[in-house]
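Undergrad: Here is what each chain is made of, one letter per residue.
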Amino acid sequence: MSEVILKTEGLTKYYGGVHALEDADFELRADEHVAIVGDNGAGKSTFVRQITGVETRTRGKVWFLGSEVHFDGPLDARKSGIETVFQNLALADDLDVPSNLFLGREKILLNLGPFSILDRRGMRNATMEGLQRTGVKIPNLDNAIRNMSGGQRQCVAIARSASFASKLIIMDEPTAALGVQETAQVENIIKTLKEQGVPLILVSHNLRQVFDLVDRIVVFRRGRIAANLLKHETDGNDIVSYITGVKSQFAEAADI
Amino acid sequence: MSDSSQGIGGLTFDKTKRARPQELNVFLALVLITVTFEVLGWLLMGDSFLFNTRDNVEGLFNTARLNIIILQVAIIGIIALGVTQVIITGGIDLSSGSIVGATAMIAMSFAQVALVNGNPNPKAIFGPWAMDLPVIVPIVVAIGCGVLAGAVNGMLIAYTKIPPFIATLGMMVTARGVSKWWSKGNPISFPTDSYAAIGKGMTPVFIFIGLAVLFYLIMKYTKYGKHCYAIGSNEEAARMSGIRVENHKILVYTIAGILSALAAVVLSSKNLTAQAGMGVMYELDAIAMAVIGGVSLSGGRGSIIGTVIGALIFGVIISGFTFLRLDAYYQEMVKGAIIVGAVVLDQWRQRRARAGR
Numbered sequence: 001m002s003e004v005i006l007k008t009e010g011l012t013k014y015y016g017g018v019h020a021l022e023d024a025d026f027e028l029r030a031d032e033h034v035a036i037v038g039d040n041g042a043g044k045s046t047f048v049r050q051i052t053g054v055e056t057r058t059r060g061k062v063w064f065l066g067s068e069v070h071f072d073g074p075l076d077a078r079k080s081g082i083e084t085v086f087q088n089l090a091l092a093d094d095l096d097v098p099s100n101l102f103l104g105r106e107k108i109l110l111n112l113g114p115f116s117i118l119d120r121r122g123m124r125n126a127t128m129e130g131l132q133r134t135g136v137k138i139p140n141l142d143n144a145i146r147n148m149s150g151g152q153r154q155c156v157a158i159a160r161s162a163s164f165a166s167k168l169i170i171m172d173e174p175t176a177a178l179g180v181q182e183t184a185q186v187e188n189i190i191k192t193l194k195e196q197g198v199p200l201i202l203v204s205h206n207l208r209q210v211f212d213l214v215d216r217i218v219v220f221r222r223g224r225i226a227a228n229l230l231k232h233e234t235d236g237n238d239i240v241s242y243i244t245g246v247k248s249q250f251a252e253a254a255d256i
Numbered sequence: 257m258s259d260s261s262q263g264i265g266g267l268t269f270d271k272t273k274r275a276r277p278q279e280l281n282v283f284l285a286l287v288l289i290t291v292t293f294e295v296l297g298w299l300l301m302g303d304s305f306l307f308n309t310r311d312n313v314e315g316l317f318n319t320a321r322l323n324i325i326i327l328q329v330a331i332i333g334i335i336a337l338g339v340t341q342v343i344i345t346g347g348i349d350l351s352s353g354s355i356v357g358a359t360a361m362i363a364m365s366f367a368q369v370a371l372v373n374g375n376p377n378p379k380a381i382f383g384p385w386a387m388d389l390p391v392i393v394p395i396v397v398a399i400g401c402g403v404l405a406g407a408v409n410g411m412l413i414a415y416t417k418i419p420p421f422i423a424t425l426g427m428m429v430t431a432r433g434v435s436k437w438w439s440k441g442n443p444i445s446f447p448t449d450s451y452a453a454i455g456k457g458m459t460p461v462f463i464f465i466g467l468a469v470l471f472y473l474i475m476k477y478t479k480y481g482k483h484c485y486a487i488g489s490n491e492e493a494a495r496m497s498g499i500r501v502e503n504h505k506i507l508v509y510t511i512a513g514i515l516s517a518l519a520a521v522v523l524s525s526k527n528l529t530a531q532a533g534m535g536v537m538y539e540l541d542a543i544a545m546a547v548i549g550g551v552s553l554s555g556g557r558g559s560i561i562g563t564v565i566g567a568l569i570f571g572v573i574i575s576g577f578t579f580l581r582l583d584a585y586y587q588e589m590v591k592g593a594i595i596v597g598a599v600v601l602d603q604w605r606q607r608r609a610r611a612g613r
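If you read the sequences in order, they're chains G and Y.
Per our numbering, the very first residue in the first sequence carries number 1; after that it's consecutive.
Per our numbering, the very first residue in the second sequence carries number 257; after that it's consecutive.
Quick caveat, the hints were computed from the structure, so don't treat them as lab data.
Just so you know, these numbers come straight off a predicted model, no measurement behind them.
Cβ coordinates follow ideal geometry from the N, Cα and C atoms, glycine included.
Some clues are possibly wrong.
[As the list claims (entries may be wrong)] Quick look at which bits of chain Y chain G covers, simulated, 3 or more residues with Cβ under 8 Å:
{"#": "1", "region": "394 to 403"}
{"#": "2", "region": "484 to 491"}
[To be verified] Derived DEER-like restraints, expressed as beta-carbon distance ranges:
{"#": "3", "chain 1": "G", "residue 1": "D76", "chain 2": "Y", "residue 2": "L473", "range": "33 to 39 Å"}
{"#": "4", "chain 1": "Y", "residue 1": "L288", "chain 2": "G", "residue 2": "D212", "range": "38 to 44 Å"}
{"#": "5", "chain 1": "G", "residue 1": "G135", "chain 2": "Y", "residue 2": "E502", "range": "23 to 29 Å"}
{"#": "6", "chain 1": "Y", "residue 1": "L280", "chain 2": "G", "residue 2": "G122", "range": "37 to 43 Å"}
{"#": "7", "chain 1": "G", "residue 1": "D76", "chain 2": "Y", "residue 2": "S450", "range": "51 to 57 Å"}
{"#": "8", "chain 1": "G", "residue 1": "V69", "chain 2": "Y", "residue 2": "W437", "range": "36 to 42 Å"}
{"#": "9", "chain 1": "G", "residue 1": "M128", "chain 2": "Y", "residue 2": "V596", "range": "40 to 46 Å"}
{"#": "10", "chain 1": "G", "residue 1": "G197", "chain 2": "Y", "residue 2": "W604", "range": "34 to 40 Å"}
{"#": "11", "chain 1": "Y", "residue 1": "V596", "chain 2": "G", "residue 2": "I108", "range": "20 to 26 Å"}
{"#": "12", "chain 1": "Y", "residue 1": "L288", "chain 2": "G", "residue 2": "M128", "range": "36 to 42 Å"}
{"#": "13", "chain 1": "Y", "residue 1": "R500", "chain 2": "G", "residue 2": "E68", "range": "46 to 52 Å"}
{"#": "14", "chain 1": "Y", "residue 1": "R500", "chain 2": "G", "residue 2": "T192", "range": "31 to 37 Å"}
{"#": "15", "chain 1": "G", "residue 1": "M128", "chain 2": "Y", "residue 2": "W604", "range": "45 to 51 Å"}
{"#": "16", "chain 1": "G", "residue 1": "L65", "chain 2": "Y", "residue 2": "R500", "range": "23 to 29 Å"}
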């Protein structure tokens, strides 16, 4: 088996008295695409927020690329190679596509400190390459993000994560607000990432999508991991049983 | 990328349906307003607003009027360049006018001549050591004042997180206090010849144009400009992308302070005197120029070119009213209406753009 990229042990998060996440043991291997499913409030997004450093965990350990990590924030996680596409997109509406892709890591033609001259052509070309590699089609790169549809914006956000050849991509419900064709577009990008061997954690509500895209499914229920299943060993009904608590691999999460 | 014209689900991008650039709209407004004054001129005054109608003067255009228009807006225009950058980052600067006042007083104190008509300078602030200094001294002193005031603005906003409106309002009152305290309300006069040369004739216009070109290039081609737009557009996204938002804000307000200070040098040089009341309401005129020029008060949108054209619109309107012999009282009222109108127009445009035209 290939090496473990991300590992969590006893990951726990309390919001005051609410136990949003409890003792999550999780593993992700290189080339692996894993889905996280579960009902609303099952702890999926909480889990992602602990890994990416958006919030500080109550307890537990996280290893990334073999060493234990404590990210101070999403930026810190990003520097280590974890790119996250959040539900609320972190895009600057008034900038065009290349500016958004390279925001905070601009290509520079001449270094003059804050007044460094931008390599606009270089960024534009790299953007086109990046979009082509991920299979994203954007009608006009020079258009401000503001003027784009939800799907196009989502594609830009994903392309931004994907084009920096990161070591791990996390997507939190990337197609939640999208139409049928836009969803298909995003799914195509995910398939492209799979071909390129970029590991991915996909948080999704859409079981059809999950079975279509990933290798392994982790079910969250009431803040705990209820099941960890390889795709070919399970089916939709089985997953639903775990989500609703009819079945459980681990006793704590079952309805008693 | 031959298929890049194909959008998601076969959407195509229609270049002809692209919105006109904002600057073009503003320019069309400038043309329209000028034409209106030209027509009103012939109807009401029986004279041309723009063209030369006198036999004893050469030339097609009324160059005297055009010069006055440009000269009139050049000094506040310099301030507006800084205000534009502040507004693009989503802030506001109410302190520019007071910084002009304080800086003019302080800088002028270092630009005085020792002897006026053979007598000691009656308005002298300092002893003989500060007399007949090279022109670079008052300029450096002025820039120092601008850096200080701007950096204080920026640090207040970046570190205490108080709204820019409040931080710069505080600086507005404080700097005005400084300008009154500096010479206990007395005007400071009799600058050296080299200092007086800065504001002589059309020099302020060239300084304005030079600075406008410089900041146009900076806003368009440098990381600084890109980050201004990014912060104004989505501050959280900018921070998540690794932009050091706090440092950037301090830099933006410092630059705005420097530009106000430069305007103070030009103004005091042009008037050959500095007074505690200099620059009152300049901040609002500068904001008006930017807003008329299409700089969005909600941040993220606008340009230096827009502000320059906005400044010209401002100048044409003032000059047009004077030409039509409208009382100064009416001018102020109409000015207020124009500022509000420009913001309403901006809001309306944003809603329409969201609704998909």
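Undergrad: Between L65 of chain G and R500 of chain Y, does the C-beta distance stay in 23 to 29 Å?
TA: Given a distance of about 26 Å, which is inside 23 to 29 Å, the answer is holds.
Undergrad: Do the Cβ positions of G135 of chain G and E502 of chain Y conform to the proposed distance bound of 23 to 29 Å?
TA: Violated - the Cβ-Cβ distance for G135 of chain G and E502 of chain Y, about 38 Å, lies outside 23 to 29 Å.
Undergrad: Do R500 of chain Y and E68 of chain G keep their Cβ atoms within the hinted range of 46 to 52 Å?
TA: 27 Å, violated
Undergrad: Should the hint that M128 of chain G and V596 of chain Y are 40 to 46 Å apart at their CB atoms be regarded as holding?
TA: 43 Å, holds
Undergrad: So the hint says 38 to 44 Å: do the beta-carbon atoms of L288 of chain Y and D212 of chain G match that?
TA: 57 Å, violated
Undergrad: In this structure, is the beta-carbon distance linking D76 of chain G and S450 of chain Y contained in 51 to 57 Å?
TA: About 54 Å separates the Cβ atoms of D76 of chain G and S450 of chain Y, which means 51 to 57 Å holds.
Undergrad: For the hint 34 to 40 Å, verify it against the beta carbon of G197 of chain G and that of W604 of chain Y.
TA: For G197 of chain G and W604 of chain Y the Cβ distance comes to about 50 Å; the hint is violated.
Undergrad: Given a hinted range of 37 to 43 Å, is it respected by the beta-carbon distance of L280 of chain Y and G122 of chain G?
TA: 28 Å, violated
Undergrad: For the hint 36 to 42 Å, verify it against the beta carbon of L288 of chain Y and that of M128 of chain G.
TA: Holds, at about 40 Å.
Undergrad: Taking 8 Å as the Cβ threshold, is the statement that the region 484 to 491 of chain Y is covered by chain G upheld or broken by the three-residue rule?
TA: As far as the region 484 to 491 of chain Y goes, the hint holds, because 5 residues have Cβ atoms under 8 Å from chain G.
Undergrad: Checking C-beta pairs, does the region 394 to 403 of chain Y have three or more residues closer than 8 Å to chain G?
TA: violated (count 0)
Undergrad: Are M128 of chain G and W604 of chain Y spaced within 45 to 51 Å by their CB atoms?
TA: 35 Å, violated
Hints 1, 4, 5, 6, 8, 10, 11, 13 and 15 from the earlier list are contradicted by this structure; the remaining hints agree with it.
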